[in-house]
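Enquirer: Can you build the whole structure from these sequences, using the hints too?
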Amino acid sequence: MVLLIGDRIRLRPIEPEDLREVFRMVNAPESVGAFDVFQFASWGEVEKWFKGPIGPNDLTVLVIERNEDKEKLGIVVYYIVHPILQNLEIGFQICSLEERSKGYGAEAVRLLLDFLFKTRNIQRIQATTSVENIAAQKVLERNGFVREGLMRKALFGDGRYQDTYLYSILRNEWASLFSKHS
760 MVLLIGDRIR LRPIEPEDLR EVFRMVNAPE SVGAFDVFQF ASWGEVEKWF
810 KGPIGPNDLT VLVIERNEDK EKLGIVVYYI VHPILQNLEI GFQICSLEER
860 SKGYGAEAVR LLLDFLFKTR NIQRIQATTS VENIAAQKVL ERNGFVREGL
910 MRKALFGDGR YQDTYLYSIL RNEWASLFSK HS
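Last residue of the sequence shown: number 941 in our numbering, and the count goes up by one each step with no gaps.
Heads up, some of the hints might be wrong.
Once the Cα atoms are required to be at most 25 Å apart in a straight line, the calculated DSS-like pairs of lysine-lysine come out as [as the list claims (entries may be wrong)]:
id: 1; residue 1: K861; residue 2: K829
id: 2; residue 1: K897; residue 2: K861
id: 3; residue 1: K831; residue 2: K861
id: 4; residue 1: K897; residue 2: K877
id: 5; residue 1: K897; residue 2: K912
id: 6; residue 1: K831; residue 2: K897
Hints were generated in silico from the structure; no laboratory data involved.
Expert: Given below as structure tokens:
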């Protein structure tokens, strides 16, 4: 995986020296809130994931880092949800409350979409988010995702089951968006 550089942020692979900070960031109560469910249960789980064999469906986690000062802002993730059709699901998390609503999530999703559609033979990328997570819905919609439907009680977070929206973007939709930004 190469370094993906945007106007204000970069996406890069996690290095061994990042593991403890990423573990802390994605598990911090203020970061997780009511919506985010991407957490490692234990430090041992982090080490096992990082050192283990990487299979075709395995989760890939990239660090979102600000270009200006290399501060780690959060993570983006992707993985194959349908191995035959090669459909991918993505997720994103800006961990610091102070850095949310500044456009970093939208830029990170855009960089990831560009990378995945340019380097993989896929037709569809999807994402899910709690129906209550308006900020994540705005990020997805700004990046061309279409809300496909409601998945009832599909997410457990904040001590309860929550409904989620399923979003997707197709290759031709991304290509149309991308040509407008070139």
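Enquirer: Indicate, hint by hint, whether the structure satisfies it.
Expert: Evaluated hints:
no. : hint        : in the structure
1   : K861 / K829 : holds, 16 Å
2   : K897 / K861 : holds, 12 Å
3   : K831 / K861 : holds, 14 Å
4   : K897 / K877 : holds, 24 Å
5   : K897 / K912 : holds, 21 Å
6   : K831 / K897 : holds, 22 Å
The structure agrees with every numbered hint stated previously.
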